[in-house]
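Work from the hints to combine the two standalone chains into their complex.
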Amino acid sequence: MNLLTPLGLAALAALPVIVLFHMRHTTPERRPVPSLRFWAAANPRPADERRLRRPPLTLPLVLQLIAAAAIALALARPATAAHLAALAPGLRSEPRHVIVLLDGSTSMGATIGAGSPSRWELARRETIARLAPLREGDVATLILMGTRPVTLTATDAASLIALRERLATIAPPGGRADLDGALALAGDLLLPNLERHVVVISDGALTADATTVANVAAPVELMLPGAASDDASANLAVVDIAARPSPNGDGTVGLYTSVMNFGPQSVTTAVSLLGDGLEVGRSEVTLAANGGTESLRWLLPPGVAELTVRIEHPDALAADDVATLLPGEAATTTIVPRILLVSDLPGALARALMAVENVLLTIEPSDNGIAIAGGGHDLIVFDRTAPATDTLDRIDTASLWVAPPVGGPFATTEGISDPEITRVRAGDPLLEGVDLSGATFGPTPVFTLGAGDEEVVGGADGPLLFRSEVNTQPALVLAIDPEASNLPKRVAFPVLVANAIAALAPDGIPAAIPLGEPLVYEPRAATVAVEIAPPAGEPALLQVAAGPTTQPANVASDPVSREIVYADTGAAGTYTVTERDESGRDLGSTRFVVNAGHPRESDLRVNAGLAGTLASATGAGVTATRQERVDLWPLLALLALIVIALEWAAVLRPGTRRVVRRLAKGHAT
Amino acid sequence: MNAPAGWLSAVRARGWHPLPGRGAPAGQPLDAGDEEILLDERTLTRLRRLSLAAGRARTEGLAGEHRSRRRGTSPEFADFKRYSQGDDFRRIDWNTYARLDGLFVRLSEVTTELSVHILLDSSASMDWRSDERWPTKFTAARRLTGALAYIALWGFDRIAIVPFADTLGRPFGPVQGRAQVVPVLRHLQQMRTLGGTALAPVIETYAHARSRPGLLLLVSDLLSGEPDELQAALHVLRARGWQTAVLHIVDDAEVAPDAASAWLHGDATGTGSTSIELIDRESDVTLRLAPDDEVVTRYAAAVATWLDALEASCVAEATAYARFSTAWGIDDLTVMLLHERGIVA
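Residue numbers (my numbering), protein chains in the order written: chain B, 1 to 669; chain D, 1 to 345.
Rather than coming from a laboratory, the hints here were simulated on the basis of the structure. This structure is a prediction, so every number in the text was calculated from the model and none was measured. Be aware that a few hints might be false.
Said to hold, decoys possible - Cβ pair distances, simulated, as ranges:
no. : chain 1 : residue 1 : chain 2 : residue 2 : range
1   : D       : Ala345    : B       : Ala41     : 33 to 43 Å
2   : B       : Trp648    : D       : Glu132    : 23 to 33 Å
3   : D       : Pro183    : B       : Arg24     : 52 to 62 Å
4   : D       : Thr286    : B       : Arg24     : 13 to 23 Å
5   : B       : Ala11     : D       : Thr297    : 36 to 46 Å
6   : B       : Arg24     : D       : Gly195    : 35 to 45 Å
7   : D       : Ala345    : B       : Trp648    : 55 to 65 Å
8   : B       : Ala41     : D       : Gly195    : 21 to 31 Å
9   : D       : Thr286    : B       : Leu638    : 45 to 55 Å
10  : B       : Ala41     : D       : Glu340    : 23 to 33 Å
11  : D       : Gly195    : B       : Leu638    : 54 to 64 Å
12  : D       : Asp332    : B       : Arg24     : 44 to 54 Å
13  : D       : Thr205    : B       : Arg24     : 44 to 54 Å
14  : B       : Arg24     : D       : Ala318    : 51 to 61 Å
As the list claims (entries may be wrong) - Partial selection, computed: residues in chain D whose CB lies under 8 Å from chain B:
no. : residue
15  : Asp280
16  : Arg298
17  : Val303
Claimed, not checked - Over 10 Å on every C-beta distance to chain B, these chain D residues come out as not near it, computed from the model:
no. : residue
18  : Thr96
19  : Pro171
20  : Ala318
Think of the CB as a built atom: it goes at the ideal place given N, C-alpha and C, for glycine as much as any other residue.
In isolation and in its complexed conformation, chain D is listed as follows (with noise of 0.2 Å):
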C-alpha cells in the first residue's frame, strides 16, 4: 500500500485503526453479506459534507452545487457590469445607474451539475475474501460506490452506476436528486458479480459511447490485463476530456506480504499441508504450489511490482489512484484518503 503510506502511518502512530472492533466507528457495517446494509446512517450523515471534486470535467445545468464561470440569474451576487446591448434589460441596476449616472448590469453566481460515472467491476475475481472478518472486494467496492453515489446524489450531481466484467453491464441511471439515494443503495445490495474481466475494453467502450464527459470513478481490483493497458485506456478518457479515478480495491492477503503468508499456511486442518492447489476464480485455471515462504517472497515481489506499474500508469495520465484495503469500510481513513487524491472535497 504505496500511496497513503505517509498519511497512514501517522493515524496509526496516535493509535487509531482502521480495522472494525479496533477504533472504527460503532454501528459500521462490517461483514459483507448481500443482506445487509451496505451504508448506515451514520456513515451517510458524515457524508453529506463532501462533495466531489469536479477537477476539470464539465459541468453543466443548474441543478447542482458546482460553482461555474459562468453567471447567471440567481439570487446570489457575483459582479456588475457595464450594460451592453443585448443584455437583460431587467437585471440594470438602477441604484448604480442613480449613483453614477451610468448603466451597470448585477450577475449573479450561476451553480451546475457533475456528471459522474462509476464504472464497477463486477467480475468474479471480486467475490473474493481472505478472511471471513473482511468483506469480499466487490463489497467493498460496492460500499465505496453507495459511498461515492450518496455524496453526488447528496450535491445534486448526476450519476450512472455501470456495472463491467468482461462487458459493460446494464447501467443504472443517469439519476440525479437526493431521492435517488434508496434507489442507487437498493440497486447496489442487488447487485452479483458477473464473469471475468476485460478492463481496457471496457473502459475504452465507455468512452466511446458517450459524447459527454464527466468524471469517471473506476472501481476495480484491476486484476485484468496489464498496467500498459489501462493506462492506454486512461489516456483514452484524457484524450476525450474525462476526469478519471481510478479507485483500486484489495484485499490485504492480495498485497500484503505477511497477510499472504499467514493466508497461505492457513489450512483448516492445521497439519501443515505440504501443496495447496489454487483456483482462479474467473478462469477456474488451477495451479498447485508448494506453500513455502519462497513463494510467498516471490509472489510478493510480483505484486509489488504490479502496484507500482499501476500507480506509474494513473500518474501518468493525470488520473487519480486510490488504493483501499476491504477491511477499512467507509471510515475517516476512507475518506482522508479520497480527500488526499483530489476525488472528493
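Next up, chain B with everything else stripped away, as it sits in the complex (with noise of 0.2 Å):
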C-alpha cells in the first residue's frame, strides 16, 4: 500500500487537538438549585481550579478520533494494489489520458489468411480493449490515422462508453497513415497533470520520424494485433495506371500501368485488362521479390468507357489488386458550363457556340458591364469586343477573345495584315480536330506577346491563336475576326470552339487521385451543392460557398475561391460527382477513380525500426510502466461520514446519551 500524497499525514495533528479539546473545561452551564449547602460540602475541589482534566474515554471522544483519523488517511490518498480491486469496485488511483492513433490505413484492410479478420478489424478490438479499463476520470483520445486524421475524445463515462460504441461501427478511412503528423498532434493534445500513455495500433507498415516521436511527452505504446510475418505479408499491387498518346504520333492512346511485388519472393502472375467489364487483354510477369516492379502497355481500345487492370493473384490486400481508369472519351466533362458570350452583333461565334453540347450560354451586349463582371459564369466570350477598363478589372473568370479590338487588353503593334499560318504547336489540345488548312483569315491586327503568354497558332507577323492571362485568370485569344475569315464555314471553327471551352472551363474534377488524396477542385460558378457518392456508403453532399457562410464539418471552402475538398477518397473505387444549382438542378456528373495500389501503403511488411523509433518518445523515460491501483480515500472519506454520523447521534439521543455516561463512569471508576 502507498501514500500518494504522504502530506495529508499532516492532518492527524487534528487528534491531540480533539483530546485538548475534550479535556479542556468547557463554559459550564448555569443551574439554579434550592441551596448550595450540600453541594458545597460536596465538592471540595471547585472545578474552577483545574484547566484541564484526565482524557475522558467517552464514546463521543473516540468517535471524533476515528472520524480524524480516517480523514486524515484520506487526505493521504492511500492506494493498494490492483489485486485488492475486488474490495473497492470503482476505484481507482489516478486519472490518465490515453491517447491511442488507430492505423486507419488501407493496408489495415489486409488479412492474414483467408476467413481471417483483417487487420483493421484486429486493431479495432485492440483498441476498445485498452478503453475498456478507463474510468470516470480518464481521458481518451482516439486519433484514427487516415490521410487525414480524424480524433473523438472522451472525458467521461458516459462519453467513454460513447466512444467504445462509435468504434465498434466506425469505418476505416483508409488512405495513407500520417504517422508523424498523429504523434505531433498527440503531443499537442496531452493533458497535463494526468499519466499520460500513448498506443499506437497499427500493422505496423508505418514509418515515424525519430524527431516527432522524441517531441512526445509521454511513453508510446506500439501495437501490433494483425502483424503477420512477411510471407503472410506478401502483396502485389498496381501502383500507377494512366493513358497516353503513343509517342510514335500515330494518334494511338496506350495504357501504361505498374505492378509491383512487396513479397518476400518473386512472383508470376497474370494482368488483365478489363474494358467497361470485358477482358481486353491479358499478360503474363514475373515480379522480383522485395518491391520488383513490371511496367504493362496496352493499346486502349477506343470507346470504352471504363478500363480496369487486375493482378490474377491471391495475396493479403485485395483492394490493390486492381486500378481503374477513366479514358479521356469516357471522363467527358458533363457538367455544363455557364457561357456568357459578350457581342454586340452576334454572328459565326455565337452560332458556334450555341453549336456546342451541354453549354448554358447567356449572350450581353458589350455595354452591360453588370452582367460582365458580376461573376455567375466560368467562362466569358469577347466577339469582336472589349469591355470598358473598369468593367475588365472585375472580370475574374476565364475568357475567350475572338478578334480583340486594337487598343483592347492585349497589346499590338501598328498594321492590319491577311496572316497565314506560319507556327502550329503540334499536339496543343486546342487543336485536337482541328484542320486549318485552306483557311483564309482576312485583316487581322498585329498582336504582341506578353510575358507568359503562349502562342498556338501564329503567323508571320505575329500569333493568331495564343494562351494569356486577364487578371491572372486564363484567357485564351483568337485574333482573327471570324467575320472576314473562312473559318466560320469550315468544321475546324466549331471543333476549334468546342475545344477552347474545354480548356478554358474544365470542370475541374481531376481523372483519378491517389488514395486517400483529398479531392480539390472548384465547382461550376452556377453550383451551389456538390453530391459525391463513393464506390460504397452515403453519398455526401457539399455545400459551395457564396459568401462567408457556416460549412459542415467535411468541408473545406475558401468563400473566395469555391473550392471543394473532400478528404473520404480512403475506399478504391470510382466516385460520382454531381453538381447542382441553386434550384436543385442536376447540372451533371462526372466521374474520378482512387486506386488502392500505392508504392507505399500496399507494402504491408512490419517496419523492423517503428518499435524502437517509438521507445524513443520523451516519456518513456520519466513515466514508468504504470501500476495499477485502487484508491482507498472515498472509502475512508465514508467511513469518517458514518463515525461522524454515529458520533451525533451518540450525542443527541437521550438513550445514547446514557450509554455515553455509563463508559464515562467506568472509566472513571
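Now the structure itself:
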C-alpha cells in the first residue's frame, strides 16, 4: 500500500487537538439549586481550579478521533495494489489520459489468411480493449490515422461508452496513415496533470520520424495486433495506371500500368485488362521479390468508358490488386458550364457556341458591364469587342477573346495584315480535330505576346491563337475576325470553339486521384451544392460557399475561391460527382477514380525500426509502466462520514447519552 | 426517604406507584403552573372523610367536631349525674326521678373546634424543581396546605395560613367554616415566594405572638439553619402547649442519590459538560463543580445525614415529621403518610 499524498498525514495533528478540547473545561452550565449547603460540602475541589482534566474516555471522543484519523488517512490517499481492487470496485488511483493512434490506412484491410479478420478488425478490437479499463475521470483520445486524421475524445464515463460504441461500428478511413502527423497531434493533445500514455495500434507498415517521436511527452507503446510474417504479408499491387498518346505520333493512345511485388518471393502472375467489364487484354509478368516492378502497356481500345487492370493472384490485400482508369472520352465533362457571350452583333461565333452541347449560353452587349463583371459564369467570350477598363478589372473568370479590338487588353502593333499560318503548336489540345488548312483570315491586327503568353497558332507577323492571362485568369485569344474569315464555314471552327471551351472551362475534377488524397476543385459558377458518391456508402452533399457562411465539417471551402475539398477518398473505386444549381437542378455529373495501389501503402511488411523509434519518446524515460492501484480515500471518507453520523447520534439521542455517561462512569471507576 | 420506607415499599410492591400516569388518580393536577387548580373536586371529596388529629392541642368553642371532655347541653346523650346545687334545673331527668326517687341530671357530649396554624415556607428555595414533569416544592407545599386546610375547614376547625420566608408574611385567617374553602384555595393559588429563609426565628416569633396554642403545621423544605436550631424552635412550641407537625417538602433530586445524579448529568446539550455552575436560589451564590459521581456520592451522604438529624430533632420534641416528595401529589400515599404520622385521623 502506498500513500499518494503523504503530506495529508499532517492532518493527524488534529488528534491531540481533539483530545485537548475534551480535556478542557468548557464554560459551565448555570443551574439554580434550592441551596448550596450540601453541594458545597460535597465539592472540596472547585472545578474552576482545574484548567484541564484527565482525558475522558467517552464515546464521542473515541468516535471523533476515529473520524479525524480516517479523514487524515483519506487526505494521504492510500492506494493498494490492483489485486485488492475487489475491495473497492470503481476506485482507482489517479486519472489517466490515453491517446490511441489507430491505423486506419488501406493496408489495414489486409487479412492474414482466408476467413481471418482483417488487420483493421483486430486493431479495432485491441483499441476497444485498451479503452475498456478507463473509468470516470480518465480521458481517452482516439486519433484515427488516415490521410486526414480524425480525433475522437471522451472525458467522462458516458462519453467513454459512446466512444467505444462508435468504435465498434466505425469504418476505416483508408488512405495512407500519417504517423508523424498523428504523433505531433497527440503531443499537442496530451493533458497536464494526468498520467499520460500513447498507444499506436497498427499493422506496423508505418514510418515515424525520430524527432517527432522524441517530442511526445509520454511513453509511446506500439501494438501490432494484425502484424504477420513477411510471407503472410506478401502483396502485389497495381501502383500506377495512366493513358497517354503514343509517342510514335500515330494518334493511338496507350494504357500504361505498373505492378509491384512486396513479398519476399518473386511471383509470376497474369495481369488482365478489362474494358467496361470485358477482358480486352492479358499479360504474364514475373515480379521480383521485395519491391520488384514491371510496367505493362496496352493499346487503349476506342470507345471504352472504363478500363480496369487486375492482378490475377491472391494476396493479403485485394484492394490494390485492381486499378481503374476512365479514359478521356469516357470522363468527358458532362457538368454544364455557364458561358457569357459578349457581342454587339452576334454572328458566326454565337452560332458555334450554340452548337456546342451541354453549354448554358447567355449573350449580352458589350456595354452591360454589370453582367460582364457580375460573375456567375464559367467562361466569358468576347466577340470582337472589349469591355471598359473598370469592367475588365473586375473579371474573375476565364475568358475567350475573338478578334479583340485594337487598344483592348492585349497589346498590338501597327498595321493590318492578311496573315497566313506559319507556326502551329503540335499536339496542343486546342487543335485536336482542328484542320486549319485552306483557311483565310482577312484583316487581322498584329498582336504582341506578353510575358507568360503562349502561342498556339502564329503567322508571319504575330500570333493568331495564343494563351494569355486576364486578371490572373486564363485567357485564350483568337486574333482573327470570324466574320472576315472563311474559318466559320469550315468544320474546324466549331471544333476549335469546343476545344477552347474545354480548355478554359473544365469541370476541374481530375480523372483519378491517389488513395486518400483529398479531392480539391472549384465547381461550376452556377453550382451551389456538390454531391459526391463514393464506391460504397452514403453520398456526401457539400455546399459550395457563396460567401462567409458556415460549412459542414467535411468541407474546407474558401469563400473566395469556392473550392470544394472532399477528403473521404480512402476507399478505392469510382466516385461520382454531381453538381446542382440553386433550384436543385442537376448541372451534370462526372466521375473520378481512386485506386488503392500505392508504392508505400501496398507494402504490408512491418517496419522493423518502428518499435525502436517509438521507444525513444521522451515520456518513456520519465514515466514508468503504470502500476494499477486502487485509491482508498473514498472508502476512508465514507468511513469518516459514518463515524461522524454515529457520533452525532450518540450525542443527541438521550438513550445513547446514557450509554455515554455509563461509559464515562466505567472509565472513571 | 427514611420515614415512609416500610409501608411505601409495601405499597410499591403491590404495583402501585405514586407518580402521575403510573397509578395516580385521574384528574389530579400534575403540573405546578400558577393558574392550575391546586386541588380538584375528586380529591376534595376524598379529603372530606378525614379530620385533623388534635392530639394534645387544646380545643375550644363549640363549632368544631372534636370531642371534648366537657359536658354540655347538646342533644347527644353522654351520661347521668346526681343533681347538685347549681346544676341546670331544666336538665333534671324526671323519668329517672320517678323510677329511682332520686334527682339525676342528663349530661350531653360537647364538640369543640381546633385552632390550626399552617406555617407555609414561601422562601425562594421552595420555587425549584428538578424535572419539568413535577411541580415546584412551593406548589407541592401549597397543594398540601390546601388539602390540610380543606380537612380543617370541613371539620369546622379554625385555620390560619401564614407564609414565611426570612420573616413572617401576611397571614390568611383565622377563618372557619366550609364557606371559607374557596377563599383559602384561591389565596393559596395566588401566593408567591418571598426570599430567604429564617426558619427557627420565624417559628419562635410566631409562637410568642400567639397566646392560645393550637395545632401548628410547618410546611417547609427546612433548608434553613441546622437541625439543632429547628429542634430549639420546636421545643419552644412544645413548651407553650403547641401540637406541632413538620411536613417536609422535598424534590427527589434533592434527597435521592440516583435522582440527584441524573439531574446533575442531565445537561441540555448532551455533550457532557465538564463542569456546571450551581446558583443558590436564595443567596445567588454560585458554586462551580465537576459533575462526577464522587461529588454526587458526597452530596447524597450529606443530605442523608441532614435528614436523619431533622427527623431526630422532631422525634426529640414529640413532633410529627413527614417527608413528602413533589412527585406525589395529594393521593393515597400522602394521606396514608399523614395518617401514619398522626396528623389526620
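Contradicted hints - numbers only
none
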